[in-house]
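Last residue of the sequence shown: 923 in the working numbering, with the numbers rising by one and none dropped.
No wet-lab data here; the hints were simulated from the structure. This structure is a prediction, so every number in the text was calculated from the model and none was measured. Wrong hints could be hidden among the right ones.
Stated by the list, open to error - Simulated pairs of lysine-lysine, PhoX-like, Cα-Cα distance not exceeding 25 Å: (1) Lys592 / Lys508; (2) Lys767 / Lys547; (3) Lys821 / Lys592; (4) Lys739 / Lys767; (5) Lys547 / Lys508.
Stated by the list, open to error - Pair ranges (Cβ atoms, derived): (6) Gly253 / Gln457: 42 to 48 Å; (7) Pro737 / Lys547: 37 to 43 Å; (8) Lys842 / Gly170: 26 to 32 Å; (9) Asp831 / Phe66: 18 to 24 Å; (10) Glu615 / Asp329: 48 to 54 Å; (11) Asp329 / Lys547: 50 to 56 Å; (12) Ser325 / Arg173: 38 to 44 Å.
A virtual CB, placed ideally from N, CA and C, is assigned to each residue, including glycine.
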Amino acid sequence: MAAAPELNRRVIEALLQSELPSAPERRLVLVHGRYDALSPAEFNLNLAGTTRRIHVTDQPSVLGIAEAWQDHRKKLPSSDDVLVVTTAVDDAHLGWDLRAYALRRGIRSVDRAEIVKQRFGAADIDPRIRREPWLVDALLDAEPTSGWRRSGSVLTRDAAVRALIGSRLGGDELSEGTLDMDGLLAWSQRAGGPERFAELSTAEQAGLTNWLGDVIGGAATVVLGLARIGRAADAMALGVIGTVTTGPTASADSAVAFGALLGGPQFSGAQRRAFIEAVEGTLERWVAEAENSGPSVGQARSRIVDLVQRADDLAAGTELAEALTENRFVPTGLQARLRSLATALSGAPTVRSVAAAEAALVSVRGHALARLYPERLLAAEMAVRVQRWLAGPVPAVDSVASAIDAQFAEWGWVDRALSTLWLGDSSADLIISQAYRMVYEAGVARRDSLDETFAQRLSLWTKGATTQAPSGCLLIEDVLDTMAKPLLTGQAPLIIVLDGMSSAIAVELAEQLAGRTWTEASPKAGRRSAAVAAIPSVTRASRASLLTGGLTTGDQATEKDGFASLWRKHHRDGALFHKGEIAGQAGHRLSEPLIAALAEDVVVGVVLNTIDDALDHGREGDRIGWRPADITYLPELLDAARSYRRPVVLVSDHGHVLERSASGEGPLSAEGVESARWRTGMAGPGEVELAGPRVLYGNGCVVTPWDAGIRYTPRKSGYHGGASLAEMTVPVLVLLPSAELLPKGWSVLPPESTAPLWWAQRRTEEAAISQAPSRKATTKPKPASAAPLFEIEVETPKSLGALVVETDLYTAQRAFVRKPPNKSDIAAVIDALVAADNTISLTAAAAAGGRAGRSPEGFATILQRLLNVEGYPVLSVVDGGQNLRLNLELLRVQFKIGSA
24 MAAAPELNRR VIEALLQSEL PSAPERRLVL VHGRYDALSP AEFNLNLAGT
74 TRRIHVTDQP SVLGIAEAWQ DHRKKLPSSD DVLVVTTAVD DAHLGWDLRA
124 YALRRGIRSV DRAEIVKQRF GAADIDPRIR REPWLVDALL DAEPTSGWRR
174 SGSVLTRDAA VRALIGSRLG GDELSEGTLD MDGLLAWSQR AGGPERFAEL
224 STAEQAGLTN WLGDVIGGAA TVVLGLARIG RAADAMALGV IGTVTTGPTA
274 SADSAVAFGA LLGGPQFSGA QRRAFIEAVE GTLERWVAEA ENSGPSVGQA
324 RSRIVDLVQR ADDLAAGTEL AEALTENRFV PTGLQARLRS LATALSGAPT
374 VRSVAAAEAA LVSVRGHALA RLYPERLLAA EMAVRVQRWL AGPVPAVDSV
424 ASAIDAQFAE WGWVDRALST LWLGDSSADL IISQAYRMVY EAGVARRDSL
474 DETFAQRLSL WTKGATTQAP SGCLLIEDVL DTMAKPLLTG QAPLIIVLDG
524 MSSAIAVELA EQLAGRTWTE ASPKAGRRSA AVAAIPSVTR ASRASLLTGG
574 LTTGDQATEK DGFASLWRKH HRDGALFHKG EIAGQAGHRL SEPLIAALAE
624 DVVVGVVLNT IDDALDHGRE GDRIGWRPAD ITYLPELLDA ARSYRRPVVL
674 VSDHGHVLER SASGEGPLSA EGVESARWRT GMAGPGEVEL AGPRVLYGNG
724 CVVTPWDAGI RYTPRKSGYH GGASLAEMTV PVLVLLPSAE LLPKGWSVLP
774 PESTAPLWWA QRRTEEAAIS QAPSRKATTK PKPASAAPLF EIEVETPKSL
824 GALVVETDLY TAQRAFVRKP PNKSDIAAVI DALVAADNTI SLTAAAAAGG
874 RAGRSPEGFA TILQRLLNVE GYPVLSVVDG GQNLRLNLEL LRVQFKIGSA
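Using the sequences provided together with the hints, build the complete structure.
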């Protein structure tokens, strides 16, 4: 008889359940085998609906078997308890005294494969399972306490191995329905599973490795090889390091060094390459998930950063360390790319230096971690934007009117970029910090020059400017007549005064509001409107003039009376609400009088002080930007206006300048100080004297600084009252809940049309790809002497969008969409996204896809179904549902399209 196999409780149970119901009177079962010492010697078992007590003993001889049976009968003479004896004794050596009592009159041999089949509830079993003893043994050993899940009438080899992996290796990542390389790599990073794999028998390790290698690919062989030697936790970090062996500059030495890092297991070149590619793909998807994980982005980012930092640590001290800086996942790589950008920046940029900075910025954007540190990427983008602006022609300040318009249309964007650069890079790297400081100072120098020239123009203009003769300017007191009155043809407008809102803040808020939720409109085709503040540009002068419709000064009472009087002239009621009248009682965000006014056909005005308060209380200086949610009550007011279909006018009363002086630097000592940014007396350096009918303080003559660095009072986060463009420009935004409410003669302002060209300049490499036609172009070259016999067909490269929609994967994705759009339309949207720095508004996406005027939200959903393979966020709706963002790297990974 063959060597006795090891048997455990599961095998004994299966044998008894299979054979004992047909002979229930038998109490002795002899089995060829050796009982596992760790299995219980006694247990209960349900047999044909009856619970019987099972006793198991292992006996090496016939005498031992006989004694065990006699003891069992003696102790339990009348019970139906069953004695199971496992033994290596040959069946031929048994006497009839034992055979008479034994089940089937002899020693039973266990067909382990049959037991496996039974445990899975199958009627038949894949023959290949019988030929793999390691698999049969493992399935008998690894059965969960709840039993194997039923897998059909035939137990196939694949079903058996998948079930075994789920039981042995554990974790959601390797559940039966989700076995893929992403799951295996995620499993390698979890404690427990890899350790269990290392404890398996050599045969089982080899069997599982071979099966996973066939199903998932050669990358699985590497991961499990590392798990076998206890290095699974470093699998992904090693995959990151391995990228230095696959790039165009890879050397034989780097391959040898990488092999040494892998340690004991020997892997083929194909297995290594598959492993490295799998790690890159998984990391790219992790980055995309982290980028879109909202409040939990910090935790998701830490998982990735810890992993790639481990790669840096493992490579340290080897010849791979330097080459690893080119990797687009490791932190040192991001730092190196930012340093390269820093060296390309210039205090006096030229077209050539800007091109170099553009190329360096493309490299920074190409680093995966840049998307996880948006504040670092934003600073880099702002530096390059300022470079573009500085490389352009020096702007002219021909008049007050043109300067105010330019401040809102262009120079306010410069101020926004400079505010970001002031904060610098979070790494505090000296090279990067110095470069950003250089660009900042160059930008400020040009802005100062514009402010100085504007102040000179303002001084002359102020002497004669009146409501009747504004010299082309929109005056603060005329804003409501010009911008709000035309909206009275429909539901009365909601006028929201954001006290202290500068052009820089206005363009940022508009960027987030206009598009999907609101339609921006303007009486000027293709551009926004801005007004000139009262002088000095302080609240009591400018806000009172704005809300009353006349040049005046006053407090809240003056504003309330003047606002109501203004709208009575237009045969409408007007109600103005200040800071203390906005908040509601418990359970209501807005006050009942305000809600009641919004529900009626009344022109409602609301003054929000969040921005101005931030300047006073130190909350403005360290912020990168403003969101609608940052301004108390603004989201609630906008929601209410939209529900009542009210147009909204967002307007300031004046702008502000930010505190940028050195720490400890005090105010300018001067005579006649009345406020932080205006006084009486004689003008000095950086100041201008303003006199005329528009000057509401100082008996018609005041001194105000145009230099943003001058202040007369103690330090705050920001100031207003001066003569700089940032303070004197009053931005006005008109938002419609529907384009149907557009006043006659007005124009819709698409979000893409409002940014300056230098701000929204596209990434040259990707734009070139996206703009290339996807069809053959017939070129007729100019003849030199004689006409050519044939036309020359030149094959132009296909656009990225065209490449995507021609893949088999995209064809498969179309099955998930009822009536999918034409491939050319989807390609056009992808190319439009690439050309627009990977982000466009939903309305622009709909237009690019040939669906202008139709539901942009619905089209965005269709795009996501087509491109977000297996739920990975290739396309994301961002900025509160306003914009569509393309993850370019993930798109290439998912659709297997190489980098440009």
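Hint check:
{"no.": "1", "hint": "Lys592 / Lys508", "verdict": "holds (11 Å)"}
{"no.": "2", "hint": "Lys767 / Lys547", "verdict": "holds (12 Å)"}
{"no.": "3", "hint": "Lys821 / Lys592", "verdict": "violated (62 Å)"}
{"no.": "4", "hint": "Lys739 / Lys767", "verdict": "violated (44 Å)"}
{"no.": "5", "hint": "Lys547 / Lys508", "verdict": "holds (15 Å)"}
{"no.": "6", "hint": "Gly253 / Gln457: 42 to 48 Å", "verdict": "holds (46 Å)"}
{"no.": "7", "hint": "Pro737 / Lys547: 37 to 43 Å", "verdict": "holds (40 Å)"}
{"no.": "8", "hint": "Lys842 / Gly170: 26 to 32 Å", "verdict": "violated (46 Å)"}
{"no.": "9", "hint": "Asp831 / Phe66: 18 to 24 Å", "verdict": "violated (54 Å)"}
{"no.": "10", "hint": "Glu615 / Asp329: 48 to 54 Å", "verdict": "holds (52 Å)"}
{"no.": "11", "hint": "Asp329 / Lys547: 50 to 56 Å", "verdict": "holds (52 Å)"}
{"no.": "12", "hint": "Ser325 / Arg173: 38 to 44 Å", "verdict": "holds (41 Å)"}
Hints 3, 4, 8, 9 from the earlier list are contradicted by this structure; the remaining hints agree with it.
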